[in-house]
Amino acid sequence: MALVFCGVCSHAPGITGRAERADPDLREPFYAALGGMRDGLHATRPDALVVVAAEHFANFFMNNMPAYALGMADSYDGPIEDPAWLGIRPRTVRGNPDLSRRLIAEVQQTVDVAYAEEWRFDHGIMVPLHFLDPNNVLTVIPGNINCQGPPLSPLRRAWAFGEAIRRAADLVPERIALVCTGGISHWPATPDSGMINEAWDRQFLDRWARQDKAGMVSYTDQATYCDAGQGGFEIRTFVAAAAAARGPGTVHFYAPIPIFAVGCTVGTLEIV
Amino acid sequence: MSLYQLSKFLFQLNRDEDLKTRFKAGPQAALEPFGLTTEERDAILSHDIGLIYVLGVNGQILMHFAAFCGIEWSDYLQRMRDGVKHYGPVRAGIYTMQSGLDDKVAGA
Ligand SMILES: [Fe+2]
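Chains as they are written, first to last, in this note's numbering: chain A, 1 to 272; chain B, 273 to 380.
Just so you know, these hints were derived from the structure itself, not from any lab.
All figures in this text were calculated on a predicted structure; none of them were measured in a lab.
Every residue gets a Cβ at the ideal spot worked out from N, C-alpha and C, and that includes glycine.
Don't take every hint at face value.
What the hints assert, rightly or not - Examples of chain A residues lying across from chain B (beta carbon under 7 Å, computed):
| no. | residue |
| --- | --- |
| 1 | F57 |
| 2 | G194 |
| 3 | M195 |
What the hints assert, rightly or not - Residues of chain A clear of chain B, computed beta-carbon distances all greater than 12 Å:
| no. | residue |
| --- | --- |
| 4 | P13 |
| 5 | A67 |
| 6 | D170 |
All chains, full assembly: derive it from the sequences and hints.
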């Protein structure tokens, strides 16, 4: 039927795993913004939620790395990490292989997306689901953009992937919600963990909110690594969301929370 | 230098319960099929997080090995920093340290 919801959020494992170590004055408004996104998402009564993430070697490795992938399984298990470390209990998430197949077929008209009938969720998808679908009621179709093992797909191709998801969502009879999750600037799991480039983040979010495509796709990976860390490569997911929604974005929350190792972000885009 | 092989071993260890069991029982034998250099093998056997980082392994793979070794998060971050201090800058891959050696950046 249509794309009915489009949003972005952070997914760093510290958001749940190191929750008690964060300043409550930052943490609680961030959680509240995620709660607002959850309410907005469920209010659109989606038949399926496509979560485009940037996984961290849960399913895909440098032996055979797809630039873009979509899931096509009956169900998905997660988290792949130690549930105690992540602070998220294991769950089995319902998929819809028939819907996946139809979406993938349309996406493939313009993007050579890989598909996967086996897919386990890491924190990249589990952290968003923990907040956005706490009761595990949604049908989920996972997507992935390789943001870990370079060479990485160019940003303008991430834009094309978002456009393709939009076209596919508009073609199927189901109501599709899209959540894209990643960065922005951060240096997760490195000795620089905790660094956050707030100025860089705010500039990127400004471009994102204004649908400034040229600005959003202008970053080279080399410059992104210098200014925004390897976590900055995950802007690909935000770029895809902007391309899918076509309308202006609203940043509902942004604040660097160093113990979460990321500038924590919640945003939604108008679908036009 | 075989960063791919070293990464591959850690990736497999992160996800393969059977390999975890074999590695605990006999680490040398479990490492054998991966064709690592002596330096890489020794780094794994001695849980030298700092050296593995300097050899170029992505933190999204390495952090799980640290947890597997019972190394706490803040300690894990510090060990990578100490590794650069001791062995010098990251030698392969793209994940070089960007802050100064004695900078305090960790939110931990
Ligand atoms: Fe990530």
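The hints, checked one at a time:
Given hint, F57 (chain A) at the interface with chain B, holds; its Cβ is 6 Å from that chain's nearest Cβ, closer than 7 Å. Here the hint on G194 (chain A) is kept, as its CB sits about 4 Å from the closest CB of chain B, short of 7 Å. For M195 (chain A), the suggested interface contact is upheld, since its CB lies about 5 Å from the closest CB of chain B, less than 7 Å. For P13 (chain A), the requirement that its beta carbon stay farther than 12 Å from each beta carbon of chain B is not met, with the minimum near 9 Å.
The claim that A67 (chain A) is not at the interface with chain B holds, since no C-beta of that chain comes within 12 Å of its own (minimum 17 Å). D170 (chain A), annotated as away from the interface, keeps every beta carbon of chain B farther than 12 Å; the closest lies near 34 Å.
The earlier numbered hint that this structure contradicts is number 4, and it is the only one.
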